[in-house]
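Visitor: Using the hints, position chains B, Z and H against chain S.
Number of protein chains: 4
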Amino acid sequence: LAAEGYDIFAIGRSLTEESPLATVLRKDAPGFRAYAVDAADPGAVSAAVADIDRQSPLSAVVYNASAFQMASFEEIEPAQFEAVWRASCLGAMVVARACLPRMAARGAGAALFTGATASLRGGAKFAAFASAKFALRGLVQSLAREYGPRGVHVAHFVIDGLIGEGEGKLAPDEIAAAYLAVLRQPRSAWMQEADLRPYTERF
Amino acid sequence: LAAEGYDIFAIGRSLTEESPLATVLRKDAPGFRAYAVDAADPGAVSAAVADIDRQSPLSAVVYNASAFQMASFEEIEPAQFEAVWRASCLGAMVVARACLPRMAARGAGAALFTGATASLRGGAKFAAFASAKFALRGLVQSLAREYGPRGVHVAHFVIDGLIGEGEGKLAPDEIAAAYLAVLRQPRSAWMQEADLRPYTERF
Amino acid sequence: LAAEGYDIFAIGRSLTEESPLATVLRKDAPGFRAYAVDAADPGAVSAAVADIDRQSPLSAVVYNASAFQMASFEEIEPAQFEAVWRASCLGAMVVARACLPRMAARGAGAALFTGATASLRGGAKFAAFASAKFALRGLVQSLAREYGPRGVHVAHFVIDGLIGEGEGKLAPDEIAAAYLAVLRQPRSAWMQEADLRPYTERF
Amino acid sequence: LAAEGYDIFAIGRSLTEESPLATVLRKDAPGFRAYAVDAADPGAVSAAVADIDRQSPLSAVVYNASAFQMASFEEIEPAQFEAVWRASCLGAMVVARACLPRMAARGAGAALFTGATASLRGGAKFAAFASAKFALRGLVQSLAREYGPRGVHVAHFVIDGLIGEGEGKLAPDEIAAAYLAVLRQPRSAWMQEADLRPYTERF
Chain S
1 LAAEGYDIFA IGRSLTEESP LATVLRKDAP GFRAYAVDAA DPGAVSAAVA
51 DIDRQSPLSA VVYNASAFQM ASFEEIEPAQ FEAVWRASCL GAMVVARACL
101 PRMAARGAGA ALFTGATASL RGGAKFAAFA SAKFALRGLV QSLAREYGPR
151 GVHVAHFVID GLIGEGEGKL APDEIAAAYL AVLRQPRSAW MQEADLRPYT
201 ERF
Chain B
1 LAAEGYDIFA IGRSLTEESP LATVLRKDAP GFRAYAVDAA DPGAVSAAVA
51 DIDRQSPLSA VVYNASAFQM ASFEEIEPAQ FEAVWRASCL GAMVVARACL
101 PRMAARGAGA ALFTGATASL RGGAKFAAFA SAKFALRGLV QSLAREYGPR
151 GVHVAHFVID GLIGEGEGKL APDEIAAAYL AVLRQPRSAW MQEADLRPYT
201 ERF
Chain Z
1 LAAEGYDIFA IGRSLTEESP LATVLRKDAP GFRAYAVDAA DPGAVSAAVA
51 DIDRQSPLSA VVYNASAFQM ASFEEIEPAQ FEAVWRASCL GAMVVARACL
101 PRMAARGAGA ALFTGATASL RGGAKFAAFA SAKFALRGLV QSLAREYGPR
151 GVHVAHFVID GLIGEGEGKL APDEIAAAYL AVLRQPRSAW MQEADLRPYT
201 ERF
Chain H
1 LAAEGYDIFA IGRSLTEESP LATVLRKDAP GFRAYAVDAA DPGAVSAAVA
51 DIDRQSPLSA VVYNASAFQM ASFEEIEPAQ FEAVWRASCL GAMVVARACL
101 PRMAARGAGA ALFTGATASL RGGAKFAAFA SAKFALRGLV QSLAREYGPR
151 GVHVAHFVID GLIGEGEGKL APDEIAAAYL AVLRQPRSAW MQEADLRPYT
201 ERF
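Protein chains in written order, with the numbering used here: chain S, 1 to 203; chain B, 1 to 203; chain Z, 1 to 203; chain H, 1 to 203.
Hints may contain errors.
For identical chains, the list gives no copy identity; a pair is met inside one copy or between any two copies.
Said to hold, decoys possible - Once the Cα atoms are required to be at most 25 Å apart in a straight line, the calculated DMTMM-like pairs of lysine to aspartate or glutamate come out as:
no., residue 1, residue 2
1, LYS169, GLU193
2, LYS169, ASP38
3, LYS169, ASP7
4, LYS125, GLU201
5, LYS169, ASP51
6, LYS169, GLU82
7, LYS125, ASP173
8, LYS125, GLU82
9, LYS169, GLU201
10, LYS125, GLU74
11, LYS125, GLU75
12, LYS125, GLU174
13, LYS169, GLU77
14, LYS125, ASP41
Hints listed in this document are in silico derivations from the structure and should not be mistaken for laboratory results.
Pulled out of the complex, with its shape left as it was, chain S reads as follows (with noise of 0.2 Å):
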């Protein structure tokens, strides 16, 4: 993306613990600059968004947070299962309710949401994790509705299969470019739904 010319800018609740896709946005990007913010608290993101929309007006965010969890059910405590649903869900609609509107006034921008095979499967020992991710794309299906003919393009990727480099893995620069191919969609096509994973992956 800054090879693009775009300017990065990240918020975490922990910017040390980055995952793969964030390094590769975050490299390479002059002008980047990292907010440790949850992104589940509503005045914090909503005061980043706010100068990182002075700094450079706001046309693109990815959300990318989730917090996995893989456990039979009679494991899982009603905290954890709200915890999860907070990293993956909660947090996408606080960011959402900061930057949407903000690119609905100006009739442009693009808000991309990564989903999992769990967004479409709920699978055994997935209780918590699926349903933070149906939850999250059941919220960005109706923000594309709501601000699609509003001029800002709402997107979900079910990324299936396990990130990095080599044989059988997603690469991050290549699901980086995936994301790129739709910010640059003019409004006269735009995706809303697609999947991503190695040729080798099963589905």
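Guide: Leaving out everything else, chains B, Z and H in the frame of chain S:
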């Protein structure tokens, strides 16, 4: 259900605000007892379920609670978004956690969960409700895959249309009849997901 | 169905090759009559349906025929691909065309169609079967939306698992019971799509 | 595609009746050659593909053909229902059969198939078109699962909206750009299903 010999119990935060379905389930049930409990409160739900199970071994649970909300995204405060999820999804998780392990220990029982059109489609102005109903469906699929092989029937109904008496509405008695037909299914042929709508409903 | 007072009729290209479900539907039906007709032959189906309708006004039709095929794509000749579609989808269209307008004229009736896991997922080695079962489901959805408001109940079952007696199989009697429960639904609460599987079946 | 250095070939029953997309794909392609072949004719397609492959090793195929029909079910003759399926699904099967084994033998190549809203939803008056487009999607999913691990990228686009120039339409150039972005994906991150629609389109 009472006419079929089931003892009926109900758990609800405010049992004076009763849904038509709850009213139907309660009428004619001689041993009926109501528990004024918040479904999202793990301790209270667990105590109520233990109390019910002592009176009559728990054979079926129907989770029908939800909080409906229709509002444009900019009008939805994060706290409201969360409240809709707590009523529609977290409560179901807490109730399932109190009931399913008891059923699995006996290798029998059924848990039915009520969804809506918004379980499958996130429409404009339904960001909170669709997200919560998607979340419920993801949870229920996971539970079905986890508890089915242990002899517990977990199913999800999409109720598509207004509930009530009269032409073009879903009669509560008929919803109850459909649920009862599923409760009666032997484990040779279990339904996991179905929809129900009036014949005039567009979908 | 016979025990419920239905007169039973069957249409099939070769009624000596009978499915377990057909056998169940036929037993104990005093007025049972079989028609040796290819379901994809419009003239013959139309004549058989007219003949049945004269004996007993047509109230329900169950389309259960299909041609299963599991083969790698390179082994499937176009003629075989077509034969699977003719048995699984075109036959259903021809039968629906003979039956649904008669039912719509009376404002009552039901048509049930039998799908499979391959109705929802195109697996490797299922190119012909999945394509034909997807085709059937698309047809049935259209028919439901077109005939529902005219008083005709159109529904699709995904039968997921092996049909037969014994642990881990779908008992034909139980499939029939599920179909019968749907045939009995009043138009206030109609199911359109449901699945059925044994409790041990992975999905 | 031509601008990216692809040699372009087209197969169609009647190449004077050309879709806007075909027109776009053809312009500026110096080595362009058209084959007047019925896509559902296995022998002719196979010969055309062999001829193309000799000129330029086959690296990508786009199947865009279909026969649209919107009519109430009672107006659709079985022969018309079949004709819609032959153009929309059987032709794709025949083309895939001619192309995918060649690509798999080289461990590289891509096949893109064009669906519609009716690929996912069978609306009233769309019995023939929805059934055929569902059939195509089921076929394509099977092909993706069968050929993906052999190095051939198989993908399905739901094109939702009218194709054309001007506000509220899908610009053919933009559809081509989206297809091209998918053709460029390395096998580390392949899209299998995506949708495309204008920002104003209701869905």
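Visitor: Taking the hints in turn, state whether each one holds.
Guide: Hint-by-hint comparison with the structure:
no., hint, in the structure
1, LYS169 <-> GLU193, "both (21 Å within a copy, 19 Å between copies)"
2, LYS169 <-> ASP38, "neither (29 Å within a copy, 40 Å between copies)"
3, LYS169 <-> ASP7, "neither (28 Å within a copy, 31 Å between copies)"
4, LYS125 <-> GLU201, "both (20 Å within a copy, 16 Å between copies)"
5, LYS169 <-> ASP51, "neither (36 Å within a copy, 36 Å between copies)"
6, LYS169 <-> GLU82, "neither (29 Å within a copy, 35 Å between copies)"
7, LYS125 <-> ASP173, "neither (30 Å within a copy, 33 Å between copies)"
8, LYS125 <-> GLU82, "both (16 Å within a copy, 24 Å between copies)"
9, LYS169 <-> GLU201, "within (8 Å within a copy, 30 Å between copies)"
10, LYS125 <-> GLU74, "within (9 Å within a copy, 35 Å between copies)"
11, LYS125 <-> GLU75, "within (9 Å within a copy, 35 Å between copies)"
12, LYS125 <-> GLU174, "neither (29 Å within a copy, 29 Å between copies)"
13, LYS169 <-> GLU77, "neither (32 Å within a copy, 35 Å between copies)"
14, LYS125 <-> ASP41, "between (28 Å within a copy, 22 Å between copies)"
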